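S.K.: Using my numbering, the letters of the sequence shown map in sequence onto residues 81 to 258.
One thing to keep in mind: the hints can contain errors.
Simulated restraints, written as ranges between beta carbons of each label pair [unchecked claim]: (1) R147 with V226: 46 to 56 Å; (2) F253 with A106: 14 to 24 Å; (3) A106 with E176: 26 to 36 Å; (4) F193 with H148: 17 to 27 Å; (5) F193 with S249: 28 to 38 Å; (6) N134 with E176: 21 to 31 Å; (7) I112 with K132: 38 to 48 Å; (8) S214 with H148: 29 to 39 Å; (9) L89 with R240: 17 to 27 Å; (10) N134 with A106: 42 to 52 Å; (11) Y244 with H208: 41 to 51 Å; (12) K125 with R147: 17 to 27 Å; (13) H208 with S249: 30 to 40 Å.
Worth flagging that the hints you see were computed from the coordinates, not collected in a lab. Here the structure is a predicted model, which is why all the values come from computation and not from measurement. Glycine included, C-beta positions come from ideal geometry on N, C-alpha and C.
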Amino acid sequence: MKKIKNKHLRKLHIYSSLCCCTLLLAFSLTGITLNHRTVFEGVPKYTVNEYKLNAVSSANIDTLLSRHQISLSADEINSLVLMHELSIPTPGKRLELYLKDSTLFVEVSDFGFISRLNELHQGRHTSHVWTVISDTTAIVLILISVTGIWLSFRNNKHRRQYLYFISFSLISFVLFME
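Make the full structure from the sequences, and use the hints.
M.R.: Printed below as a string of structure tokens:
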């Protein structure tokens with residue numbers, strides 16, 4: 081088996097770091113906003129509109145919503161007609177629709193940019209694509225950590241000092257898990 085050279089590990093470490101730096105920065109910043117919610121919490125904006133319908137039908141609802149730049153899938157519209165309510169959460173926003181006595185109520189809640197980032201951080205109300213991006217970033221961050229540890233242990237001059245830092249990091253993590 082061929083020995084891995086430091087220059088290859090350094091390149092892997094550097095380029096994987098550069099690929100993840102934006103998401104790592106975003107996760108770090110949103111970690112701070114999640115830990116201090118009261119400081120960063122904004123005032124949500126709510127709008128409620130009501131629209132009279134001639135008849136409660138999927139076609140009428142679709143036409144009405146299209147005029148107001150709200151697009152729903154056929155399944156969502158059918159669910160609204162059948163259940164008389166529909167909730168569509170997305171990161172930082174909520175769309176609530178209610179049917180009552182041939183009137184469609186549309187409530188839009190916008191919790192702001194920080195809330196949107198926090199929900200992305202938590203993986204709430206996100207798509208499958210975001211899950212793949214988040215998991216890929218986690219794998220690359222593991223790769224960055226492993227290559228960083230490997231490179232630090234290959235440095236004979238500072239190996240003991242690096243070992244102390246890694247031990248401190250591990251012990252701190254274990255102690256603060258409670």
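S.K.: Each hint needs a verdict: does it hold in this structure or not?
M.R.: Tested hints:
Remark: the range hint 46 to 56 Å for R147 to V226 is upheld by a beta-carbon distance near 55 Å. At roughly 22 Å, the beta carbons of F253 and A106 sit within the given window of 14 to 24 Å. About 28 Å separates the C-beta atoms of A106 and E176, a value consistent with the hinted range of 26 to 36 Å. Take F193 and H148: their Cβ atoms lie about 23 Å apart, and the range 17 to 27 Å holds.
One distance hint, 28 to 38 Å for the beta-carbon pair F193 and S249, holds here, with the actual separation near 32 Å. Between N134 and E176 the beta carbon distance is about 23 Å. The supplied range of 21 to 31 Å therefore holds. Judged by the Cβ atoms, the range 38 to 48 Å given for I112 and K132 holds: they are separated by roughly 47 Å. Taking the beta carbon of each, S214 and H148 are about 32 Å apart, inside 29 to 39 Å as hinted.
Separated by about 20 Å at the C-beta atoms, L89 and R240 satisfy the suggested range of 17 to 27 Å. Evaluation of the 42 to 52 Å hint for N134 and A106 yields a pass: the beta carbon distance comes to about 47 Å. For the hinted restraint 41 to 51 Å between Y244 and H208, the CB-CB distance of approximately 42 Å keeps it satisfied. The hinted range of 17 to 27 Å is satisfied by K125 and R147, whose Cβ atoms lie roughly 22 Å apart.
The hinted window of 30 to 40 Å between H208 and S249 holds, with their beta carbons roughly 33 Å apart.
Going through the hint list in order, the structure satisfies each hint without exception.
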